[in-house]
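As given, the protein sequences belong to chains A and B, one line each in that order. According to the working numbering, the first sequence is numbered sequentially starting from 787. According to the working numbering, the second sequence is numbered sequentially starting from 787.
No lab work stands behind these hints, which were simulated from the structure alone. No experiment lies behind these values; they were computed from the predicted model shown. For glycine and all other residues, C-beta sits at the position ideal for the given N, C-alpha and C. Don't take each hint at face value.
[Claimed, not checked] Pair by pair, the computed Cβ-Cβ distance ranges are: (1) P1057(A) to A1300(B): 34 to 40 Å; (2) T1105(A) to R816(B): 19 to 25 Å; (3) A1109(B) to T1105(A): 50 to 56 Å; (4) D1011(B) to P990(A): 27 to 33 Å; (5) P1057(A) to G1328(B): 55 to 61 Å.
There are 2 protein chains.
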Amino acid sequence: MPHYSVWAPDAHKVELVLDDRKIAMSSGERGWWHVHDAPAADYGFSLDGGPTWPDPRSNWQPNGVHAMSRPMDHCQYTWHDQQWQGTPLSQAIIYELHVGTFTPEGTFDGVITKLDHLVDLGISHIELMPVNEFSGRRGWGYDGAFIYAPHSAYGGPAGLKRLVDACHIKGLGVILDVVYNHFGPEGGYAGKFAPYLTDRYRTPWGEAVNLDGPDSDTVRKFFIDNAIMWLSEYHADGLRIDAVHAFMDTSAVHFLEQLAAEVAKWARRAPRPCFLIGESDLNDPRVVRRWEEGGFGLDAQWSDDFHHAVHALLTGERTGYYADFGTLADLAKAYRSAFVYDGRFSVHRRRTHGRPVGNMPGYRFVVCLQNHDQVGNRAAGERLGHIAGPDLARVGAAMVLTSPFVPMLFQGEEWAASAPFQYFTSFQDPGLSAGVREGRRAEFAAFGWDPNDVPDPQSEETFQRSKLKWLETVDEPHASMLQWYRQLIALRRRCGELGCSQVGEVEVDFDEQARWLRVRRGKIAILYNLADHRQTLHIEPGRTREILLSSKQDVQSRERYVELPASSVIILGPRET
Amino acid sequence: MPHYSVWAPDAHKVELVLDDRKIAMSSGERGWWHVHDAPAADYGFSLDGGPTWPDPRSNWQPNGVHAMSRPMDHCQYTWHDQQWQGTPLSQAIIYELHVGTFTPEGTFDGVITKLDHLVDLGISHIELMPVNEFSGRRGWGYDGAFIYAPHSAYGGPAGLKRLVDACHIKGLGVILDVVYNHFGPEGGYAGKFAPYLTDRYRTPWGEAVNLDGPDSDTVRKFFIDNAIMWLSEYHADGLRIDAVHAFMDTSAVHFLEQLAAEVAKWARRAPRPCFLIGESDLNDPRVVRRWEEGGFGLDAQWSDDFHHAVHALLTGERTGYYADFGTLADLAKAYRSAFVYDGRFSVHRRRTHGRPVGNMPGYRFVVCLQNHDQVGNRAAGERLGHIAGPDLARVGAAMVLTSPFVPMLFQGEEWAASAPFQYFTSFQDPGLSAGVREGRRAEFAAFGWDPNDVPDPQSEETFQRSKLKWLETVDEPHASMLQWYRQLIALRRRCGELGCSQVGEVEVDFDEQARWLRVRRGKIAILYNLADHRQTLHIEPGRTREILLSSKQDVQSRERYVELPASSVIILGPRET
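Just chain A, same shape as in the assembly (with noise of 0.2 Å):
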C-alpha cells in the first residue's frame, strides 16, 4: 500500500483524489501532508476544497500532464547491470540524441535497437534530452512539467529503466538532461501547491525557481531529490543540468554547490562514477571548480565558446553570438584556455565577458560540433553538413575528436544525417500553440527570414521531419563519413595522448591569412588546411606519419612539407617502432 505525500505550506486542508473517494490528509512538518498506506490508483490531490491536480513528484503520468498521476514502485524492476562499473568524464565521450526523433518508433525501446551502431561507433554515453513529462507527445523536453516521472510517449518509467539497463550491459554510460531553472508553461501545476516559484527574478522562459526566497529549502530538496532519484533509481551515470546560468540564487550556499555536495555524497556509496555537467553561459570558471576552492564543484561543464569558435570558422557564419568568433585565433585560445571569452570584451554581448579558467583539467569541458540548440534553434534546423558541406564536416569532426575536452556528438552527425533537428511541440492550449508558433515566426523574422518558410513547431510533419533516416547510413556520402568518425573515435581512444589533457597544456600556431592551423598533442600533430586551395605546409621532424586525413584526394608530401587539399585535416605520428 502506497505512501501518498506532498509539499502544500499554504494549504489549510489538503486531501488524496483517488478513482472512487476521497481520504484527508494529515498536517506534517514545514508544510507537508500525508496518507499512510491508501489504495495503489491513479491519484491528484486537493487543496482547501479547490480542483484536483496531479502530484509535483508524481512518477508516472500515463495520461499525460493534465491527467492523474500513478503511483510507481521502483523495486518492481528487475536490473541486470550489475557488472557495470562505468566510465569516467575523462574518457566519455558522448552522444546526445533525443529519443523522439532517435528512431522511427521514438521510444526508449526503440533507443534499444540502435545501441549496436552507438557501441560500433565507439561513444562511452548517450545523453538523453529532457525525458521528464511535457505537454504533448511531441516535444524537446525542456518544458518539462513533471520532473520526477519519465515521458509517457517515450515509454515511461519502465521503458527508460529498460535502456539505461540495455546500455549497462553493453558497456554505454547513459546521462540525463535535467532542466531545474523553469516549468513548461503547460502542464506546470507544482506552483499551485507551494511557492516553487519566484517574481523576484525573471528567465527568458517565465518566472523564476524560487531558490533563495522563503520556503526555498524544500524547492531546492525537489530538485536534487530529483537529481538523486534519476542516479539511484533508474541508475543514470550522470546528469546535464540545462542552463545553469537561469538559476538566480543569492543563497551563501549556491543551489548548484548544494546539489554537487548532496549528489557527491550519495555517489560515494554508489557502485559507479557519478557526474554533473552544467550547461552554462557565464564563462565562469566558480562553476565546475572544487568547492575548497570556492567554486560549485559540478564535474563538467558545456563550453560554447568552443562550438563557436569552430561552427564560425567553417561556415563563416556571423550573426548573432558568432559575430564573435570567426578567427583562427578564436580557435586556438579555446584550444589553449578552453573560454575563448574570459574576461575579453563582447561585441554581441555588448559586455566584457567571462575570466579566465586558470589551471583546471580539459575533462571539466564539454565541446561539440553540433548539439540540439546548435542545429535546432536555427530556423530550418540545419545541421553542420548541410551550411558547410561535408569536406569541412570532417575537419570540424576533427577539430571536436582531437580536442583536449570531453568530444559530445548529435544524433546523426556521424553519417552526416540528412534530416534536420528542427524545433517542434505539441503544447495542448490553442493559446500556447499559436503564440509558439507565432514567436518562432517572428523571431527569424528579424534575420530576414520569411515567416512562411519557418517550419510550425506545433505541425506533426516538423517532428516527422527530424526524424533520423536510418536505412542512408549505408550509403554514400553517409558511409564514409561514418567510416571518418568511426576512426577518430578509435584513434583517440587508443591514443592517450589525444584525450583529455589539462587546459594551458595544448600546442598551436597558425596563419590566419594562409588559414592553416596545428594542434600538437604529445606526439601527435593534427595539422588543418582551411583555405579553399591546396597548400604546401611545414611538417616537423618526429611527426611525419599519416595516421588519418580527411580527404579523398591525394596528399603531396616529401621530407618537411605535404601539401594538403583545400578543407582537409591531417593527423600526423611519429613513426613506428
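Following the hints, position chain B against chain A.
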C-alpha cells in the same frame, strides 16, 4: 576651460547646453560624447534635440537634482592633511553620523565644530551617511540621484573637503556611505542617458542597476570611478557600500570583486590605507574572503546578526527579524562565529541562511548596538536606550566595544541622546511625497501601529525631531553614559587583547536559565548579569581585578565570587604587576 563628456550610447546627437548656448558634442568611442575647452558655466545635456538634463557624473548640483550641473575643479582646494597616515580597519572604532541631524547647522561645517567631542570620545573614524545629492534638502541620502556630487544642502564639494581635511588634522578617518545598488526615485536622470538600469531583476527600491547586461562595462565603471573619486579627490579613508546583496550580477567577475580589485590597485599608490566595507544581508563569507580563495575581497562587512542577537536579548523584542534571535546562545554564537546564521534554518526567512565564516580576522566584521537602520527603521525611530533603559544600554555598549570585531556607534548613542532618529524625506514630486507618507503608514499598520502615530517622513518636524540636542550632554543621565563610553573605548584602545582577533578565538560561556554570560579575551573576562535581579557569579583566579563596572550599585566580591547587580557588566583582569 573644462572638458565636458557624457555617455549616451543610444543617442544620435548630443548637445552641451550652457546658460546661453548649445554646443554640438562629438561622438567618441563606445557611446561617449565630448566637448573640449568649452566655457565654465552651469550646464546640462540634450539628447537628440530633447530636453536638457543635468550630468549623471555631475560633481556639483548647487541648485538640487532638477537644476543644471556646475563644473568643478578638484585642484582648487588646498589640502592640509599631508601628515595624515590613516588608521587601519583592525584598529578602527567607527562613529556613524548623519550630516543633516548631527548638528543644528546640518552641514559639513557643522560637523567640524563637534570633532573635539569625537576625539575625546576616542573613536577612530566617522562614517557619514550618504552625502550624494538627493532630492530635497532633508533625507537619509539613500535615494541618491547624483552619486558624484556632495549634497548641496550640506555644503557641496568644498564643504565635504573642509570636513575631511579637518578630521585628518585631528587624527580622525572618514568613511563615506555610497549607494550603488539603485538610484533614488526623484532626480535620477542617469537612466535617460544610458542603460544604467535593468528590468531583468528587481530590488526593494525599484529597478536594479545593470551590472551584467549590454553596456554594463560602462555602468560598472561609473560606480568604480566614483569610489576612487571619493578616495582620491575627497581623501576618504574608506567607503561603506550600501546593500551589496541588492547587486544582481551573474558576471564571472562579480561587480564587488572588480570594485575591490580596482580600488586596491589604486590604493597601492595611496598615501594611507583605504578600505571597503559592505552592508550585506547574505551571511556569505565570499563577500569578504580574499580573491585567491574565490572571494570578492571587500575588507569588511556589517554583521547584522551580532546586532540582532544583542538587541533581541536586551529588549526582549521578537517581531520581524528579531524572531530569529533572543537567546544567550545566539550572542555566544555571534562572538565565536561572527554569523549566527551560518547554515541554520531561519524562522523569519523561512529558509536556511548563511554559511560558516571559517578562519578569518575579526576585523572583517563591523558590529554595532545601534545604527541608522536599526534605529530609524522603527516607526518612531527609538534608540536602544529608549526601549531597554540605561542599564541595559550600558551593557550593550560593553558587548560591542569588547567584541573581537570592529565596533561602530551611532550618533548620540554615546550620551544616550534623547532625540529619536526617524525616517525623513523631502521629495518634491507630490505623488512621490504622498506615496512615501502612505507607504510608511501602511508598513507599520501591519505591525499594529495607529497610522496617525507614525511620523510623517515628509514633514520638516520629523527631521527637526531627529536632530541631536548637544546641550543635554552635560546633564545626567547623559553625562555618565558618555563617561561610560569613553571608558570602554579607552580600555579597548589600551588593551590589545580587547581588539579584533581571529574569528573563533573568543571563549564564551553562559547559562541561559540564570542569564549570565562570560566572554574571555586573553587575560580579560567580561561578565554579564542579564537577570533582573542581583546574582552571585563565579570568577576565575587570574581575572579578579575590577577594571570597569557598568552599575553604580555596589558590587560584593569575595574570593572566587562576585555579586553583580541586575542588568550589569563587570570587566575583570589580572592583578596589576
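Consistency of the hints with the structure:
no., hint, in the structure
1, P1057(A) to A1300(B): 34 to 40 Å, "54 Å, violated"
2, T1105(A) to R816(B): 19 to 25 Å, "22 Å, holds"
3, A1109(B) to T1105(A): 50 to 56 Å, "54 Å, holds"
4, D1011(B) to P990(A): 27 to 33 Å, "32 Å, holds"
5, P1057(A) to G1328(B): 55 to 61 Å, "58 Å, holds"
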